[in-house]
Structure formats: structure tokens, C-alpha cells
Amino acid sequence: CNDSKFLDVEPIGALSDDQLNTPANIEKQVIAAYSQLGNDVYRAPYTSMWPYGNVRGGDAYKGGNGTADVDAFHFYETFSFNRVDVGNTDELWFLIYIGVSRCNDALRRLDVVDASAMPNKAVRQGEMRFLRGHYYFLLKELFKRVPYIDQIVPTDKYGEVSNVALSNDELWTKIADDFRFAVANLPETQPEIGRATKSAAQAYLAKTLLYQAYVQSETHAVTSINQSKLQEVVTLTDAVISSGKYSLHPDFATNFLTVGDNGVESVFAIQFSRNDGTPKGRVQRGNELAYPMNPDYGCCGFHQPSQNLVNSFKTDAQGLPLFTTFNNTDLTTPQDFQTNTVDPRLDHTVAIPSHPYKYSPPFIFDTSWLRDQNTYGVYMSMKETVLPSDPSFQKTPPFMGSSKNWALIRYADVLLWKAEALIELGRQSEALPIINQIRQRAANSTARLKTTAGTSTSNYKIGQYQSGQWTQQYAREALRFERRLEFAMEGYRFFDLVRWGIAGPYLNTYFDKEKTKRQYLQTARFTVGRDEYLPIPLNQINFSKGLYKQNPGW
Amino acid sequence: ALAAAATTPAAAAPAEARTPHLADVKVSGRVVDENGAGMPGVTIVAKGTALGTSTDADGNFTLSVPDNVTTLLFSFVGYKSQEVAVSGAAISVTLAPDAAALDEVVVTGYQTQRKADLTGAVAVVKTEEIRDMASNDVTRNLQGRVPGVQITTDGAPGSAATVRIRGFGTLGNNDPLYVIDGIPTKEGINQINQNDIESIQVLKDASAASIYGSRAGNGVIIITTKKAKKGATRVDFSTFFSVQTPGPHLQMLNTLDYGTVYARAAINDGKVPSLPYYNFQTSRDANGNIVLNGVSTPEFIDADKTMRAADTDWFKETQQNALIQSYNLNVSSGSERGGALFSLNYYDNSGTLKYTGFDRITARLNSDYNFLGGKLKVGENLTLVKSQRAEYDLNLVRDRTTQLPSIVPVHTVDGVGWGGPVAGMSDRDNPLRLLTDNKQNRSNTGRAFGNLFADAEILKGLHLRTSFGIDYSLYKFRQIYKTYKAGFLSEQNNRVTDNNRFWGNWVWQNTLNYDVLLGGKHQLGVVAGSERISYYDESSYASRTNFASEDPNYAYLDGGAANKDNGGGATAYRLASYFGKINYSFADRYLLSATIRRDGSSRFGADNRFGVFPALSAGWRLSEETFVKDNAGFLSDLKLRAGWGQTGNQDIANFASLGLYQSLLGTLDPNFEYDRGTAYDIYGNDTALPSGYRRFQRPNPALKWETTTQTNVGVDFGFLENRLSGSVDYFVKNSKDILVNLPYLAVVGEGGDQFVNGASIQNKGWEFLLSYQNKLENGISYNISGNLASYRNKLTYLPAEVINAYGGNGQDVTRLGHSINAVYGYVADGLYQNAQEVSEGPTQIGAAPGRIRYKDLNGDGKVDNFDQTWITEGVPNFNYGLNLGAGFKGFDVQVFFQGVQGLDAFNNSKFRTDFASLATGENWGQRLLNAWTPTNTGSTIPAATLINTNNEGRASTYFIENASYLKLRNVQVGYSLPEGFTTKLKLQGVRVYVQGQNLFTIKSKEFTGPDPEVTNYQYPVPRIFSTGLNVTF
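Chains as they are written, first to last, in this note's numbering: chain A, 1 to 554; chain B, 10001 to 11033.
Mixed in with the good hints there might be a few duds.
[As the list claims (entries may be wrong)] Straight-line alpha carbon distances no greater than 25 Å define the calculated BS3-like cross-link-like pairs of lysine-lysine that follow:
1) K10126/B to K10226/B
2) K10564/B to K10126/B
3) K10775/B to K10736/B
4) K395/A to K10564/B
5) K10080/B to K10126/B
6) K10485/B to K10354/B
7) K10629/B to K10080/B
8) K545/A to K10271/B
9) K10476/B to K10564/B
10) K10047/B to K10375/B
11) K10862/B to K549/A
12) K10485/B to K395/A
13) K10386/B to K10485/B
14) K174/A to K549/A
15) K157/A to K545/A
16) K10080/B to K395/A
17) K10047/B to K10126/B
18) K10354/B to K10482/B
19) K517/A to K10226/B
20) K10521/B to K10047/B
21) K10862/B to K545/A
22) K10047/B to K10439/B
23) K10736/B to K545/A
24) K10460/B to K10386/B
25) K10460/B to K10485/B
26) K10386/B to K10186/B
27) K513/A to K10271/B
28) K10460/B to K28/A
29) K10375/B to K10460/B
30) K10564/B to K515/A
It is worth saying that the hints were derived from the structure and are not from the lab.
Could you put the whole structure together from the sequences, leaning on the hints where they help?
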């Protein structure tokens, strides 16, 4: 007895599970779930999603110091050498499940707390299900079949939940259910800017249903498009639009500047922060490799726009994209950007030698800023970076960070989801003004694209689509091209291609041409029916003792 | 035999003289050693009584004994006891050294025993062989000296050696328990002054160690420090100077060779070689293939023209020949009423990497005093240590030394700025900058270690002893992160972080020892006791940035202008234990010992806190049997031993059984590990971030003690008056319920960490020890002592829920039956020589001519996860050591070899030396110059490539190499000045010596690294040359 007393050493600096069940602590568990939105790491970024969304989608090269620098991303880019035991894939899976587990932790407590003790219980439940929906959405678009675990499943049963327990469609429905709950329980506005709102939930539900609408076979072929889901996408996006809370920033640039944080175009964004009392600041870790190698930055030159992407910004005499011929000639020399006409979004998106970097006329992007132009060419990505003088900039040696927010849903996306649903519903005429709205804003966004002499950096020309040619097929083409130009380097491209069911042919066409310009793509090849998704990490299959089933083709 | 030798450790002195009560006879005389020098402190007992005394400083003694006493018994540690008949005349006794040292008193846990009476596997280290070796850590000097004790070490001046006793018995901490003057500790042996050490014993098997139950699972090393000797006042001064030269290192490419290898790799990849800081001259041959015509460097490697292309040998720049110096003063004085020993030591090792030194001041005071006619003894042992060490990650510096390409200059053209990586290189810093800018970053540690004790003899042979020990340390480290620019790496904000830590424990021990001789033949010793330990550890840090000056005299926290940051935490554990032991011997022939210990640990759940650890052992001294004495006279000693026992392990997180949450504002290095933070800027204004809690551990209320059960059988033998002696031991050691925190299924989510009782491991092995010593007629004495140990390690059980966490293919192959060091991987089957071989071979992603061919082990036509096997067990066939010693007149010579045989090791350095694709933008090894090409098909090194399409970094036999070695560890030649000469100088003794350490290595031709002992890139083991002086006043 005496001994037992002596041996009773209370844990120091830690709390037990039960101690977190008070309303005040449940609030904090909700914060912890939000926190995971930005707890990123350079080698498995799940905020910006650039290696999976842009590099795999033909919009970006991996960049960095040769093909072996974070070679996992090279394997993602070229597909042929990707493997089931790539550690980065496993870490990515793990990190996103941390998000799921933090949501489930908060939800488990919220389920039992008395609403009288915690009047905002339902709102917080809505937020947690919104975030859980987000984390599962990421898993879903990356891996397709993942084990679905909610707060009801006891921890000791986690190992019994297979990744194929739910069908592809059932899994989408589970994710949609979380967002539906969020829609039903979240308020229109929240006193804290970082929290999810009803509109954000409606938007994310719309995105989920849009993905679910494209019905996939076991081997990822799109077999049909569910019209009622599309209809619901329209209804939901309409609700967001009619809330009146959102609009497009007059200047496209605002989205990529710190001043645009939590602005009118931000439907839901990850709140990053610096000088915030945390040891190193909560800055964008997922984008920290994307800065050029000049003395103001230092490292690391990853995430470089492909020649194909740069070419896609070319416009014709009407200022419209060149759907089929854009890639026939390359934009390479400084003159090319004067003799051709281009969409102004090019200079918002791509750092081009001799052009001002990030809207700063005297800060000229130079080829000496490149890390390995022999392998990866001369372009770099700019949307995610900030100027050295920006108040959000923070070096995190050897990498570069910023506390600029990262948009998970910007209003332009909501508009284009609606447009896409309308087009696939055969209501393309209703989509036309939406796409033109996007293009008009782009056309208005040249004020910051000036040289020190005050002249335009490139020869901009961007026009509106006219109703005359606007068939469903044309509209579909236009929508898909518009999404590419609007969201280039923002992490969506590959997932768009897979949703539309065109990833294989699109990317192999891309490789056929691109490898004549980029030698390292010689071996690149997309295998249809396999490469639409990452493999289930071998580690996870092993730890599940074979309960998890590998994706087809791996 | 010596009566009642077993007493408490601090009471190891002989019984006191008593008031005579019969008619007394006064006997006196002198005891001398084999050289005729007076021997102080020799125990003299009147046989059949408890009466005795000990000799004074000159070896003289006087003793009053009853007139019925006929024989005196003279004994001294390390010497043969001698019986001498009492006669009227002065007695002159010459004691001879005892080869087998059977009467040596050995500390075996809360008591001492005669070596002859031991029934467990206990090794006694010959401290005189290692005392002069220039190491900061006495355990390093044990390397190869004790069979079954495996020591691995690197050359860093302040680092501690890794000690493994009888293999890897657990999956967590495999460090043994150290017991210093009775006080247990698990750390900081490099803070012990080896000059203070009187003896070192290693308790290897459970029957010996289980008295220390809870923490003895990895074996116990008992260190006893020197005490004042009765009747002697001594001053010892010793010093040595050593010069150490850097050990061998990897051979990296010079500037032009690097360009050549890069170009070849690019061409192999079908690319025209191009690097911003090289000029490659290429053309196309008739077939359109790229041909390299030349490689040259531009004048400058950066656009700003600040860095001239160089040919830097980063090893040369960062290494140095370094000094080690040591000064030791030891003053002791003892009398009938007690004694005191004081020692002071200064040790300084400047390190073979620049600015990486370690220095240490150690002070020790050991004293004890007798009261009540010797019935009460009180005393203390206390060490105070202050050490300072370079607190920079030296392995990282070593990494950078191999990584930064040679073309980078040390300095920019102004001679002040640092050279560093430029675009096209990896972000690897200049190693000399790292060393230089961290020069001032040295931590200070202070430690107080020792105990106070009282020992009362309540009845004859019955001792009650209490001891209160402390082991507390303070750590203080102010780290200045300087601003710098080195190539594209830079930092504009300086920062100072102040780290403080206080940690340690108290130990309170109470023991009752009873020794009695019954009926002349039954020797019984009993120990019972209790022990409580309470450990506490608290640390904090504070930091600021933007210091106006980086001068260490300025850069204290107050000087920082921004970013105040701080943090801290604490932890604690407690142990409560009871133990008992009985030793019984009958007629010096039959020995029995039984131990039981019950331990409680705060680390386990309330229901499983207590573990009981029993042990039993027996010995039979055949050499004492008449039938042996009569028939085998050449046999001077023969003992059979057998023991069985259990020990425990609780070496896990302090609150391991609980489910725990913590608030974490952010990870300290969120670049290279993912951020685990729980704070979020929910207000969107960068301030007042609320923070939640993250789970960091799942509960396991069923968590219980890990238990190791060990069986040991052994034989000790001595022939030819113990000139030839030795021992053989065989052991089987089974650890079960091994405590581990295993990787888990990702869906478990954050903080899925959970301590569980996992695997069972078996270690089995043999240990041999053989010594021969002799003295020739001409006065030459010599000795040879060799040891050899071999063990096998395997996992014998894995719980189903964790079976795949130990490796294997996740399906049918698990680690069961394999060593815990075993590596699972692919079998590299040479290189693909041509396209035909590739197309005929099994499907292997990335296969191409010049690439490694992996075996399709299951024959399914493709190389995948299921084509792996256990490619090495990671356990050597045997470890061995050989010591040769000789003496003639005043000269003594020691030569010591140590080796490891039959170890297939995973050679990590091949990642750097053999592959241009695994370390992109870094320097590579010279081996790549001989890589495979279509015209150099004999090479075993895969074709140079810049992209690792074949995944050649995967674990495979390509990296497995024979890491056997034999090293000449130590050669020492000493000379002791003749006694006559020293006497004139009023000195008791003077010895001078020269010594060399790590003089040469014999390794397998197959091993491609510089030193098989160092299979990573750590601080190399230096070669050391010393001269030393020992003076005794």
C-alpha cells in the first residue's frame, strides 16, 4: 500500500483522454483538427497538392536539383517508375489520416457532450464533419479506395476496416454525408474567419458530388455521368453564389498576394501565420520548395511550369485559347511573348526570364535563378510564392515560407463547377456567361503586369466566348481549358483529368511531345487503368495483414 | 580459506582487532610482495578466530592472539592467501600474485563474495591493463577485454561507447545497468574518472544480475572506486599526453573526377551533360551517341563571381591532429579509525574534427570512519564532475564533409566569406563553416554522484546498512546560431537559444547482511534489503533572435530584439524494490545461491506494477574434492557452475501505460519532420493562436514487465598452480514480453503510439577465456590472455497484432527465427550486361544494362515485394580479444588485439560511394570512376546514372559486406624506476610509458568502406600516441 502510493506518479505535462471532455477542451480539439489543415511537410504536401495535381497533370515539372531530388515526385511525374513502396506515398496517406483522426477525436467528444453545456455543439460538429469530409476527399482523389473510419468505430476495430469495405460510390456518399451534415448545421457566417461556414460546406458538397457524378469503373474508366448529382451541384453552387458573400477579386493577382487573404474570393482557406507565438511560425510548408535560387531566396527551385502549360496561354486573334494548336510552337524567347498574344494569367502564374517576378517590375526573373534548367527548363511557378519584402515571407532555412493563406476553395472554382455541371447537363448556354465572367476578370487583371517602363510585360489578348459556336462539345472543351488556365499550378489539374476520364490519352499525348523537349521524360508513360490513382502504400497493406486491397494494375 | 570475506561493499576491509581475553601471544612481522616491497593493507587473521589486523604502510604488522592459535592467514586481493604457523620469531611472509585470483573479492550486488565462491557468470576486468588508455570513457577501454561484452564506439571526444552484454536482448534500450559504489545508474559513464576505478566487474547472467532485478535485463557493470588503504598514506600523480591523428575516411571525388563521373552519368542517361559550374566538351559520334571530349571548370562557380572553382578536400579542411591531456592527483590516507581518499582529474581531448573538444574536471572524495570499536562504520563516496563538450551534431558535419562537392572553395574570393553550394548542388552546408560557427556552442554539464552510508554490526557477522545515494546533473547550453551566407544557404537573423536541464534521482537502500560459519563447514551468507529510487527530469529552453552582436560575451538572451520563444517540460518515475539472497557453501566445495527480487515501477499500469525476479545457482568446486586432489595434481582449480534466473526491463516512456494528450504549439524543426502542432490561426490575424491537444500515446493498461530468463552453465579451471587458467560459459537468454512502441496502421491516426509487450527474443552463446602467465628463471614474466565470444540472436515469438511491424513481406514472411539485427531485402545478382539479358530477365521496374539485377526469388517472373529475403543476420560469428603482456626488471609491455569475425554488415557508406543517383548534387565516392560501362563490364559497381529508376537504394545484398576486422588496439611499453633510485628521491614509485592505440586494422578485401567498425559516416576512430608518467609519493 505504501509502495503503491510511492509508485503513483501522475503524468507530467500531459492530459488524459477524459480530461478533454469539457466543453472548453472540446473547443480546443476542434482547433487541433483545423491545425492539421496546414501541418504540411515538403516531401508529402497535402495542402497545395502540387506533386499530385500539377506535376502528374502535365502542367508542371518536378523541378529541383535533377530528377533524383525528391525522386518520389519524379516517379509520380513519369508514372513508369512509380512503385507501391515509395515512402512519400505512405507518409502522405499517414498525414491525411492524422487529420481524420483529429476530427474523429473532436467528434467523439462532441457526440456525448450535453448541448446545454455546449450550446454551439451542432456548429462544431458541422465544422468537424466539414474538415473530415475535406481529409477524406483528399484521400479519395489520391487513392480512390480508402478505409473509412468515423468517430463511431472503436479504436481497437480500426484494423478490421478494409479499404474496399465501401464501394467507390459508397465512399463518395460517405464524404458527401459529412458535407451535408455541415450544410445543415453550419451558420452562414462565423465570428472567427478561419471556421467553415454553410457556404463553404455547400461548395465542398458541390465539388464532391461533381466528382461522384462521373461514375467510374473498377479500372477507373468514366462510364456515365449522373445527371441528378449534376443537378444538385447546380443547386448547391447557386446557393453559394446567391449568398452574396463572394465575388471575384477585380484583379486576379489579389488571390496570390497576402492582401487577398480572407478576401471576397476566399470560400475556404487554410490560415497560415507567422510571428504567431509558435516556435517557427505556421507557414506554408507544402510550398516551401517552390522559390527560385536567387540571393533573396536561396532554395530550392521545385515546381516548374511545363512548356506545354506555358504554350497553353497563347491566344488567337479573338483572344481565345488555341484548343488544338497551342502546343505546335513553343513560347521560349522573350520575343515570343511579344509576337504572340497571351492570356494575362500567364504572367500571374509563370515566372519567365526577363519578366518581372511576382509583380515587382525591377525584380527581374533571370535564368541564373534557376536550379537545373538543363533538365527542367526556364520557367518557375509564382502563384504560391511571395516577394522577399512581403510581410508574410519567412525564410525557414534552407527553405522559404510564407504565411499567406492557401485557398482550398476559391469562388472562381465554385463558378466553374457550376459551369461544368451545366454543360454536362446539356445546359451549356447557361455556362457561357459564367466562363466569360472568369475571362473578363482575367482580362481586367493586367494592372500589375508591367515592366519598369510601364509597358505590358507580355502581349496580352483575351476575349470572350461567343454563343454562336457554343455547342455542348465546344463548351466542354472551353470549360476544361478555362479550368486549366484559371487554376494552373494550384493543384487540381490531374484530378480534373481523372474526373473527366481523359487522363491516360491526354497525358500520353503530352509526353509524346514534351519528351522531345525534356529528355528526362523519355521513359514517362501513363498506364491507363493504373496510374489514375496512387497505389495503396505497401506498408499499409502489410500492416493491415493483407486486409487492404491494392488498386488495380499495381 | 578466508573466513567471512563477504561483507558490504564499503565494508570490504578486514575484521578489526579485538581485546584479547585469553593469554595472549604477541606476533609481529612483515609482509612483502614478490619484488620484496612491503605490502600495506594485507589482511591477517588468526585462524579459527575472528581476530585479525592488517599491515601498515611498510608491510609491518603486530597482532595479539590467544595462545591456542597456531596459524595465521595472510590474504590480499590479487594474491594467493598464505597460512603461516605462529612461532616466537618475527614472521616474514612473501605473498605471491594469484594467477586465478580466486581469493579476489568480487562485488556482486549489495554484498561481496570471493571469486572462488561465485556461481554466476561474472567477469572481472583487469583494470591495470586499461588504466593508462587515453579515453574519456572507461567502457571504451573494455572493448575486446571481456568475452560476451561487445563495445562499439566512434572517435568523437565526448561521446559514450555502446555496450552490449550477451547480444541484443530487447528492442528498446540495450544499455546495461551500471552500479558505481552500490549506486545504480544508466548514464554518464564518460563522466567517471578512470583513475578512480579500483575494479570493474560484469554480471553477465541472470543468476548474478537478478539481485538488481528491475533493470538488470541487459546485464550489470559494477564499478568500485578506490578507497584509502588502512595504514597507508599515498600520493599518486599521473599524467599523459596523447597525439591523435584522424582515422581513415571515405575517398571522395576531386573536382575534375566529379565532372567526369557526372558527365558519364548524364551520357548514360542519354543526356548531354550540363552543370552550371562545369564546362563539358561533348560531341556526337557516327551513331548519334553523345561523346565526352573533356571536362573543365569555369573560373567562378557562381554568377556573382565570389567563389572560385576549387579542388577542396573537405576532410583535410575539417580534420586536425589533436592533443589529449590528462592530469590526475590522488591522495589517500587510512588509519585504524578510517580513511579518506581524494582525487582530482583534468582530462582534455581537443578532437580530430576541429573545434569539437571535450574536457572534464572530476573530483572525488571517498571516506569512511569506524566507531564503537569498528561496529559502526559511516562513510561516503562522492564525485563531482564538470564537463564541457562541443554540442554540435558532429555526424552531420561528417555527412557534409562527404557531401559538399570539391569544386566549392572553403572561402569566397575575399577570403572571409564562406564557400557553399550553388545552383545545381544540393543544399549541403560547408562543413568547416558549421564547425567554425559553432565553435562557441559548448554545453556544460555538472553532476554530483555518490552516497552516504552507515553500516552497523549488530551481532557478529550481522550488518545493517543504510545508504542514501544521489545522482543529479545540471545541463546548461547556450547556443548561438550565427547569421551566415554560404552559397545559396543563408540566414539573416541570428538567434540564441538557452537550454537548461536538471535531472537525476535519489536512491535509498537498506540492507541486512549476515554471514556465519556453522560447524566449521557450512558457510552461510544472507542479504535482504529494500531500495527506492525516485527520478525527476525537468528542462526548458528560451530563445530570441536579432542580436546586435554575435560575440559570445554579448549574445545572452537579453540582447535579443525579437521572437521571444520558450518551452519546457518534465518527467518522472519511481521504483520500489525488495530483494533477498542466500549464499551457502559446504566445505568450500558445494556452493548454492538463491535470489529473489520484487520490483515495482511507476511506469506500468496499477495492476501490473510489480514484477518478481527469482534466480538460483549452484557450483561445485571439484578441485577441492580429495579424489581430484589425489589424482590430478596438475589441476589447481576446477569449478562447475550452473545458474538460472530472471531479470526485468522497464525501459520505456515514463507514463507508457496511459493514454496521453499534449498541447504543442509547433514542432521545433518543421522543415524535415512534419509539423505536429495543434495551434491554428482561427482568427486570421497571426496572433493569440488557440491550441488544442494531440494524442501522443494510446493507453495500454495491461502493460507489464519485460522479463529475461537466462540459464548459464560454466566451468572455471586452473592448471599448473593456476598459471594456466580460464573459463567457459554457455548461456541461453530468453526475453519475453519485450516492451516496444511499434509502428501502426496509419488509420489509427495521430498518437497511435502505444507501448505493448511484443516480441520474444532468444540469445544463445558461448564465451571462452584463457590466460597463461609465467615467470622465467631469468626474471622475465609474461602473460597471454585471450577471449572469444559468440552468440546467436533470434526472434522466437511475435504477437499476431504486431507481427508485421518487425519486417518481412507483410504476408507469409516474418522476422520469426531471425535476428533483430537481420536485414530484409533483395538479392542483388550482379549487373545486367546487355539489353538481351534485360528482356530475358524477370520484369523489374528500371532494369537496364549496367543496372543491378535483383533475383526473382519466387520465380513469378517479376521482381517485387515478394522477392525479398533475410540478407544478413547482422550478428558476427564471434568477437575476440588477445592480450599479450611481459615484464622484465622495470620494463613492462602490453599488446592488445581485438577483432570481430564473420559479420555481414549493411554498409551505408555505399549509398555515397557507389551511386550518383542517390545523392544528387552531392559529392560521390571515387569508386564511381570504375563504374560499369558497356566497355567496363567487369565492374561490380552499377553504371553511373543521375536518376534512380531502378530503385537501387532498396535494401539489398549490394550493401551487405564482410565487416570482419582485427585491430591492434593498444601497444604499451612502460618502465618503472628501480626502487633504490626512487627511494633516494623519496618516492614510492615512478613509471613512465609510451603507448599507441588503434595502430592498424586488418579487414576483409570485400569491405569497401574505410573502417569496418564505422559503417556509417560517423566521427572516425583516431589513432592515438601517448606518453605518460605515474608517480607515487
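Against the structure, the hints come out as follows:
1. K10126/B to K10226/B: holds, 14 Å
2. K10564/B to K10126/B: violated, 54 Å
3. K10775/B to K10736/B: This hinted pair is violated, its Cα atoms lying about 49 Å apart.
4. K395/A to K10564/B: Holds, at about 17 Å.
5. K10080/B to K10126/B: holds, 17 Å
6. K10485/B to K10354/B: Given pair K10485/B, K10354/B holds - Cα atoms ~20 Å apart, limit 25 Å.
7. K10629/B to K10080/B: Holds - the C-alpha atoms of K10080/B and K10629/B are around 18 Å apart, at most 25 Å.
8. K545/A to K10271/B: Violated, because 43 Å separates the two Cα atoms, which is more than 25 Å.
9. K10476/B to K10564/B: Answer holds: K10476/B to K10564/B is near 19 Å, not above 25 Å.
10. K10047/B to K10375/B: Status holds; Cα separation ~21 Å.
11. K10862/B to K549/A: Cα-Cα ~19 Å, so holds.
12. K10485/B to K395/A: Roughly 13 Å between the alpha carbons, so the hint for K10485/B and K395/A holds.
13. K10386/B to K10485/B: Answer violated: K10386/B to K10485/B is near 35 Å, above 25 Å.
14. K174/A to K549/A: holds, 19 Å
15. K157/A to K545/A: holds, 14 Å
16. K10080/B to K395/A: violated, 72 Å
17. K10047/B to K10126/B: Judged against 25 Å, a Cα distance of about 30 Å means the pair is violated.
18. K10354/B to K10482/B: holds, 18 Å
19. K517/A to K10226/B: Between K517/A and K10226/B the Cα gap is close to 77 Å, so the pair fails against 25 Å, i.e. violated.
20. K10521/B to K10047/B: Holds, at roughly 14 Å.
21. K10862/B to K545/A: Holds: K10862/B and K545/A sit about 22 Å apart, inside 25 Å.
22. K10047/B to K10439/B: violated, 64 Å
23. K10736/B to K545/A: holds, 23 Å
24. K10460/B to K10386/B: Violated - the C-alpha atoms of K10386/B and K10460/B are around 42 Å apart, more than 25 Å.
25. K10460/B to K10485/B: violated, 75 Å
26. K10386/B to K10186/B: Judged against 25 Å, a Cα distance of about 18 Å means the pair holds.
27. K513/A to K10271/B: The given pair, whose Cα atoms are some 17 Å apart, holds under the 25 Å limit.
28. K10460/B to K28/A: violated, 67 Å
29. K10375/B to K10460/B: holds, 9 Å
30. K10564/B to K515/A: It is violated: about 51 Å lies between the C-alpha atoms, which goes past 25 Å.
The structure fails hints 2, 3, 8, 13, 16, 17, 19, 22, 24, 25, 28, 30 (numbered hints given earlier, in ascending order).
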